[in-house]
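Student: The residues making up each chain are set out below.
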Amino acid sequence: MSNHVIARLAAANPVPAPVRAHRRRSRYVLVAAATLLLVPAAFAADRLLGIANEGTSVPTSSVLPGQSQLDEALRDMHVGETMQELGTVNGVRIYAARNAEGQICLAIDHVAETYEKGVLCDLNDPGFPDGAKVLTFPGQLQGIAADGVATVELVGAQGAVLDSTPVTDNLFASSTRIGMGVASSVVALDASGNVVATQKLPGA
Amino acid sequence: MQRFERIYEQHREAVRAYVRRRAPQSWVEDVVEDVFVVCLRRIEDVPREPLPWLYAVARKTLANERRRHARVAPAGRGVAYEPEPVGDAGLAAAFASLSDDDREVLRLVAWEGLSPREAAAVLGCSGVAARVRYHRAKTRLRAALDGAASFRRPEPKGVTE
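Those protein sequences? They're chains A and B, same order as listed. With our numbering, the residue at position 100 of the first sequence is 100, and numbering never jumps. With our numbering, the residue at position 147 of the second sequence is 147, and numbering never jumps.
Some clues are possibly wrong.
Unchecked claim - Now the stretches of chain B that chain A is said to cover, found in silico as 3 or more residues with beta-carbon under 8 Å:
1) 15 to 22
2) 86 to 92
3) 136 to 143
Don't read these hints as lab results, they were simulated from the structure. Ideal placement from N, C-alpha and C gives every residue a C-beta, glycine not left out.
All chains, full assembly: derive it from the sequences and hints.
Tutor: Shown next as C-alpha cells:
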C-alpha cells in the first residue's frame with residue numbers, strides 16, 4: 001500500500017533519472033508508409049515466444065504482402081519462413097517470431113488501412129520476455145507484453161502518463177499516436193496496478 | 001585512469017541529477033566537479049558498483065557547501081533551498097513536513113532508483129538500518145498524505161521493490 005507513496009513520489013521527481021533506468025538498445029528505420037523498428041531481447045529456448053499466447057503459424061511472406069521494404073527488413077533480421085499470428089486487437093494484427101539469433105521480432109498490420117505497418121526486433125540481451133516485459137513501437141502503444149502484464153503506459157520525461165492501454169492475450173494496440181521521441185519510457189503494470197517493469201525508450 | 005574515465009562517462013549525468021535534486025542549479029557544476037575530483041584521488045577506494053559511493057561523496061560535498069553558504073549568507077536569508085516534488089501539491093506539502101533523514105532515504109529510493117541496501121552505502125549505515133529507515137519514512141509520508149485530506153486524489157499505481 002505504501003509503495004503507492006513511492007510511485008507517487010517517483011512521478012514527482014523534479015529531475016527524472018538519466019541513467020539508472022535500463023535503456024533499451026534500439027535502431028530505427030523509417031520507410032514509406034511503414035515503420036521499421038529494431039528494438040533490443042532475451043529468450044527462452046524451450047518456448048517459442050515465451051508468452052502464453054503462441055498464436056498460429058503462418059508463412060512470413062503472407063504477413064505484410066506488398067510491403068517489399070518490410071519484407072526485406074524481415075529477411076535482414078533473419079526472420080525465418082514462418083511467423084506466429086497472435087491475433088488482432090483494436091484493428092491491429094500482430095505477428096511474432098524468433099529469428100535465427102533467437103531474438104523476438106514483431107510485425108504489425110493495421111488491417112483496415114494501407115499504411116502503418118511495421119516490423120521490430122528486440123536486440124537486448126536479456127530481452128523480451130525475461131528482460132523487457134513489453135515490446136512496443138515507441139510512438140504508439142502497439143506490441144506484445146509478457147505474461148502477467150495487464151496494462152502498458154507511455155510515460156513522458158516528467159512522469160506524466162501520455163497513454164495507457166489494456167493488454168489482452170499478451171497483445172495491446174492503442175489508437176492514440178503519441179509520436180516518436182515524445183515518451184521517455186514504457187511502463188508495464190499488473191492487474192492490481194503495480195508497476196512490474198519500466199523500460200526507457202530508445203532516444204529517451 | 002581508464003577506470004576513472006569510464007566511471008565519469010557512465011555516471012556523471014546521474015551524479016549531476018542527484019545534486020540537482022538537492023541543490024540550486026548554480027551549485028551543480030561545482031559540486032559535480034568536486035565529486036569527481038574526489039573520485040579521481042580515491043580511485044582505489046571506489047567500489048565495483050560506484051554510483052552509491054559517488055552519491056555518498058556528493059552528499060558530503062553538498063553538506064559542506066550548505067555549511068559554507070550558511071556562513072556567508074546574511075542573517076535571516078534562507079540558504080537551505082532544495083527542489084521539491086513537482087506537479088503534486090499534496091505530495092510536496094507532505095514531503096516537506098518530513099525530517100531531512102526521511103526525505104533523503106525516500107529520495108534515494110524514489111528518485112535515484114536505489115534499493116534500500118544501495119541507499120545504505122550513501123547514508124553510511126547498515127543495510128538493515130537503511131531498510132528500517134526507508135519503511136519508517138514511507139509510513140510517515142503516507143500518514144502525512146492521509147492528513148492532507150484536501151489534497152487526496154485517486155491512488156496512483158504502486159511499484160514493486
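Student: Enumerate the violated hints, using their earlier numbering and listing them in ascending order.
Tutor: Those not satisfied: there are none.
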